[in-house]
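Student: Please build the complete structure, drawing on both the sequences and the hints.
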Amino acid sequence: MEPAEHVGVKAGRPSAPRALSEHPAVRWTLIGAALAFLSLFLFVPLAAVFVNAFQKGAAAYVQSISEPDARAAIRLTQLIAGITVPLNMVFGLAAAWAITTFEFAGKNMLVTLIDLPFSVSPVVSGLIYVLLFGLQGLLGPWLKEHDVKIIFALPGMLLATIFVTCPFVARELIPLMQAQGSEEEEAAVTLGANGWQTFRRVSLPKIRWGLLYGVVLCNARAMGEFGAVSVVSGHIRGLTTTIPLYVEILYNEYQFAASFAVASLLTFLAVATLVVKSLIEWRTESSAS
Amino acid sequence: MALRRHRPVPGFSLTMGFTLTYLSLIVLLPLAGMVVKTAGLSWGEFARTITDPRVIASYRLSFGASFVGALVNAVFGLLVAWVLVRYRFPGRKLVDVLVDLPFALPTAVAGISLTTIYSENGWIGRWLQLAGIRAAFTPLGVVIALTFVGLPFVVRTVQPVLEDLDLEVEEAASSLGAGRWQVFRRILLPAVLPSLVTGSTLAFARAVGEYGSVVFISGNMPMRTEIAPLLIITKLEQYDTAGATAIAVVMLAASFVLLLAINGLQQWSRRSTWA
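Taken in order, these protein sequences are the chains called A and B.
First residue of the first sequence? That's 1 in my numbering, and the numbers climb one at a time after it.
First residue of the second sequence? That's 1 in my numbering, and the numbers climb one at a time after it.
Treat the hints as calculated values from the structure; they're not laboratory data.
Quick caveat, the model's predicted, so the values are computed rather than measured.
Note that beta-carbon positions come from the ideal geometry of N, C-alpha and C, so glycine has one too.
Treat the hints loosely; a few may be bogus.
[Stated by the list, open to error] The following label-pair restraints were derived from C-beta to C-beta distances: (1) B:Val250 <-> A:Pro205: 41 to 49 angstroms; (2) B:Arg224 <-> A:Thr284: 47 to 55 angstroms; (3) B:Leu167 <-> A:Arg283: 25 to 33 angstroms; (4) A:Met109 <-> B:Gln238: 35 to 43 angstroms; (5) A:Leu79 <-> B:Arg185: 51 to 59 angstroms; (6) A:Leu79 <-> B:Gln129: 39 to 47 angstroms.
[Unchecked claim] Covered by chain B, according to a simulated footprint, are these stretches of chain A (three or more residues, beta-carbon under 8 angstroms): (7) 29-37; (8) 44-57; (9) 107-113; (10) 129-136; (11) 178-191; (12) 224-236; (13) 251-265.
Tutor: What follows is the structure, given as structure tokens:
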């Protein structure tokens, strides 16, 4: 076991001056308090998902996640993420390219606008589409006349998911591309590359890890979005029920083991997202040093 | 006049056009629709809805519990960031990775898990019960869920500031006779304060609108454990679109104020990091 030692100024310095480190008892108390807090709010809830998912055994677990309703929920979730993520990826790339390569008026406002969906309550995010496309909504009468169903159907769920997750890729790329600058792109263009070639051969290799993380995070949120989708879905079992909504239905029917079994799928996804994140960080750090 | 820097990289109209079109369709148009809908409400109707005792109680809970959750995160987030940056202990890397879990874990999953462990027979709820504390289906449960969703914000805003702190100032202070506690209060705390406030405000902003992780653990009793986002959904289910809109407009206004505050705070953090 590595001992709890004080970390010096920079890695490599043998040890910090004595006066700069706390007494070991203080140090271990602080570590203990931090870990206790994280246990109550992170570790135990994470473990509880898996323990409860398997409380009735592996067979019941497999049964729960292969029910027709569960399979329909998984398919719908994949469909929504499959459309949302590529769209938001293109949006993120375009927005980051425009913002970091060019100077224009109102840039700060544009960045704030891209961030906006992060600060809106998921429920309000769903509601704005109900107010636009719902029966009592602004376009409701027209849509009814033309027999187009958006709310309580796939298009509404798609729109709500796109709204909630549209900042992720852009948020990841903008600081990255700002830090890298666009000198290399300018050089490529000067040497005769066209815009597309510059993007593919120069920019994309520079930002691919940040892009990958943005996409992975966007995907996790698209698959796990609950509040916004809940407002526009109508909760029609087997039809407009995504994985998180199906988790809720099972839980409210007191089918706790099945509910946690389905929830564990999303938990695996969350853990995989964190693993990808640390792999990328580890990669960037090792290539930087 | 200085030479204007030549920007030969193409793609401005394409990327800018796409960005603006996409944002208009997905974000601006629906928000404008909400403004139009709100304008259609009569002032009396609007005022009646948002001053209804049940609505006021839900605002009080959403904002109050978010505030308490943000305070808890301010204290323990700082502690976690400090421990992760300054100490080495077994499992530190894993802990560092897991701090981001609330960003990646769907809120509904967090909701059912927290409810299960904090209910009377749950792993933690059982012990709280012995101490005479009920967590699930009380306002405390709401605070627990909102602490969970806000947890990464403080840690992730304070952590980089702590990493970049110049230890020489601390060395100088302690060579002049300052104890660790004095160094913490006089040097470390002022240095991390802007990021600490920013992180806590981010956690608060996130918690105010939170829905998924709260609805399971709160029990949703009107006047007592009913959060504002849930009340919006309840009104919608009763086909009271006007009522839902009125409650949502107040939430949206709060989001805008918080967004502006956070922008200001981030500038403050940046300035004080550079100073």
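Student: Look at each hint and say if it fits the structure.
Tutor: Each hint tested on the structure:
no.	hint	result
1	B:Val250 <-> A:Pro205: 41 to 49 angstroms	47 angstroms, holds
2	B:Arg224 <-> A:Thr284: 47 to 55 angstroms	48 angstroms, holds
3	B:Leu167 <-> A:Arg283: 25 to 33 angstroms	28 angstroms, holds
4	A:Met109 <-> B:Gln238: 35 to 43 angstroms	37 angstroms, holds
5	A:Leu79 <-> B:Arg185: 51 to 59 angstroms	55 angstroms, holds
6	A:Leu79 <-> B:Gln129: 39 to 47 angstroms	43 angstroms, holds
7	29-37	holds (count 6)
8	44-57	holds (count 6)
9	107-113	holds (count 3)
10	129-136	holds (count 6)
11	178-191	holds (count 5)
12	224-236	holds (count 6)
13	251-265	holds (count 5)
The structure fails none of the hints (numbered hints given earlier).
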